[in-house]
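A.B. asks: Model the placement of chain B on the given structure of chain A, informed by the hints.
Line by line, the protein sequences are chains A and B.
Its first residue numbered 62, the first sequence is counted upward by one per residue in the numbering used here.
Its first residue numbered 39, the second sequence is counted upward by one per residue in the numbering used here.
Fair warning: there could be bad hints in the mix.
Claimed, not checked - Here are the simulated EDC-like cross-link-like pairs (lysine to aspartate or glutamate), alpha carbons at most 20 Å apart as the crow flies:
1. B:Lys50 <-> A:Asp276
2. B:Lys50 <-> A:Glu112
3. B:Lys50 <-> A:Glu214
4. B:Lys50 <-> A:Glu101
As the list claims (entries may be wrong) - Sample of chain A residues at the chain B side, in silico, Cβ under 10 Å:
5. Ala103
6. Tyr106
7. Thr271
8. Ile280
9. Arg287
10. Lys290
11. Glu350
12. Ala351
As the list claims (entries may be wrong) - What follows is a list of derived Cβ distance ranges for each label pair:
13. B:Leu72 <-> A:Asp276: 47 to 53 Å
14. A:Thr78 <-> B:Lys91: 56 to 62 Å
15. A:Ala154 <-> B:Gly95: 54 to 60 Å
To be clear, the hints were calculated from the coordinates, so they are not data collected in a lab.
Glycine included, each C-beta is placed from N, C-alpha and C at the ideal position.
Okay, here's what each chain looks like letter by letter:
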Amino acid sequence: MASLKELKGRINSVKSTQKITKAKQMVSAAKLRKAQAAAEAARPYAARLAEVMASLASKITVAENSPKLLAGTGSDQVHLLVVMNSDKGLAGAFNSNIVKAARVKAQELEAAGKTVLFYLVGRKGRPVIRREYPKQIAHMFDTTDVRYPGFNEAERIADELVAMYEAGKFDVAHLFYSKFRSALLQEPTDQQIIPVPAPKAAAVAADSVTEYEPDEEEILAALLPRYLKTQLFGALLENAASEQGASMTAMDNATRNAGDLIKKLTIVYNRTRQAAITTELVEIIAGAEAL
Amino acid sequence: MPLHFELVTPAKLVRSEDVHMVVVPGTEGEFGVLAGHAPFMSTIADGALKVYKTENGAPEEIRITGGFAEVGDAGLTVLAEHVEG
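Just chain A, with the same shape it has in the complex:
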């Protein structure tokens, strides 16, 4: 049985933990609002670009001389898994869910005899993947020096990916990130980014008279890297929103658990105190009677 002093110490330490989790929860809620607004603001550009890509792709047949980003390298031996994680923890299973999805994919690919490489964005995915695939990490992209990963980061990641692709370091790239559904639900998502999957063409029959300058192929070649950047940017934003959502939920749970624990400990503390008082009284009475 713990002494009264020990119990008091434990109650106080749980209380200060609760204060921290509560603060983190409120910070996440505020940041979530911001991240959601950013994700929303990015939508028009992505939607327009996807439309343009769709209408262009529907006019061009993929052939030998098509841009490599669209047509692929002609092989699918080496797969690059781009795994996006956050830099900070305290977000429940957010990071481990993404890493888990990537590991499942890696095992699947390796079972099929492919080579798997990793490109890690963010700090939190590193230890796990480094432990399991120490020799297969192609690059670790650092986002610790920026507060909110934005378009500049997406641009740098895309440039590095395209450079690696053109140097023949990999054939297919998959992107792993967490899609933001709601504050309670984030979905780890696997998406192929290279070769660029042609966006589905929807109702493009009407603009068949559109003029292009330069011609369709050149515009497409210019737009492909931009499309890649936009996708990476979108993923970064979704990931940021998901991180805050997951963090909010996790911290809400933690705060509640701390509250329960404090309640339990307080009951134990009071009982122990009562027991001590009773013992003392019994001793005094017994002493008085003995006289």
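C.D. replies: Same frame as chain A, but now just chain B:
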């Protein structure tokens, strides 16, 4: 009749307004877009868009990099990676 002009960057919708004319620095030469322009798509050289709010007014310049212009029934849409000013 005014021309509907939209300028969009990855981060946000920068402009959405009705103007008289926009002169765009296309990769194969500058071109002006008035209302009722035929459907047209072009990549844009890094440079300044000139936006004429009214027919005789002075143009407003917006510097953009990494741009792409699309003219359709809905007006002119410029997608740019970076916008200054």
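A.B. asks: Hint by hint, note whether the structure agrees.
C.D. replies: To see whether the hints hold, each was checked on the structure:
Straight-line distance between C-alpha atoms of Lys50 of chain B and Asp276 of chain A comes to about 28 Å, which puts the hinted pair past the 20 Å bound. Distance hint between Lys50 of chain B and Glu112 of chain A is fulfilled; the C-alpha atoms sit about 17 Å from each other, no more than 20 Å. For the hint pairing Lys50 of chain B with Glu214 of chain A, the CA-to-CA distance comes to about 16 Å; that is within 20 Å, so the pair holds. Note on Lys50 of chain B and Glu101 of chain A: the hinted pairing holds, with a Cα-Cα distance of about 8 Å set against a maximum of 20 Å.
Below 10 Å, beta-carbon pairs count as interface contacts, and Ala103 of chain A has one with chain B at about 6 Å; its hint therefore holds. Interface restraint check: Tyr106 of chain A against chain B, minimum CB-CB distance 5 Å, threshold 10 Å, status holds. With a cut of 10 Å, the hint placing Thr271 of chain A at the interface with chain B holds, because the nearest CB-to-CB distance is about 4 Å. The criterion of a C-beta within 10 Å of any C-beta in chain B is met by Ile280 of chain A, whose closest approach is roughly 6 Å, and the hint holds.
The interface hint given for Arg287 of chain A holds, since its Cβ lies 7 Å from the closest Cβ of chain B, which is under the 10 Å cut-off. Given hint, Lys290 of chain A at the interface with chain B, holds; its Cβ is 7 Å from that chain's nearest Cβ, closer than 10 Å. Checking Glu350 of chain A against chain B: minimum C-beta separation of about 84 Å lies over 10 Å; hint violated. Interface restraint check: Ala351 of chain A against chain B, minimum CB-CB distance 85 Å, threshold 10 Å, status violated.
Hint check: Leu72 of chain B to Asp276 of chain A, Cβ distance near 24 Å, so the stated range 47 to 53 Å is violated. One distance hint, 56 to 62 Å for the beta-carbon pair Thr78 of chain A and Lys91 of chain B, holds here, with the actual separation near 59 Å. Take Ala154 of chain A and Gly95 of chain B: their Cβ atoms lie about 57 Å apart, and the range 54 to 60 Å holds.
Consistency with the previously given hints fails for numbers 1, 11, 12, 13, ordered from lowest to highest.
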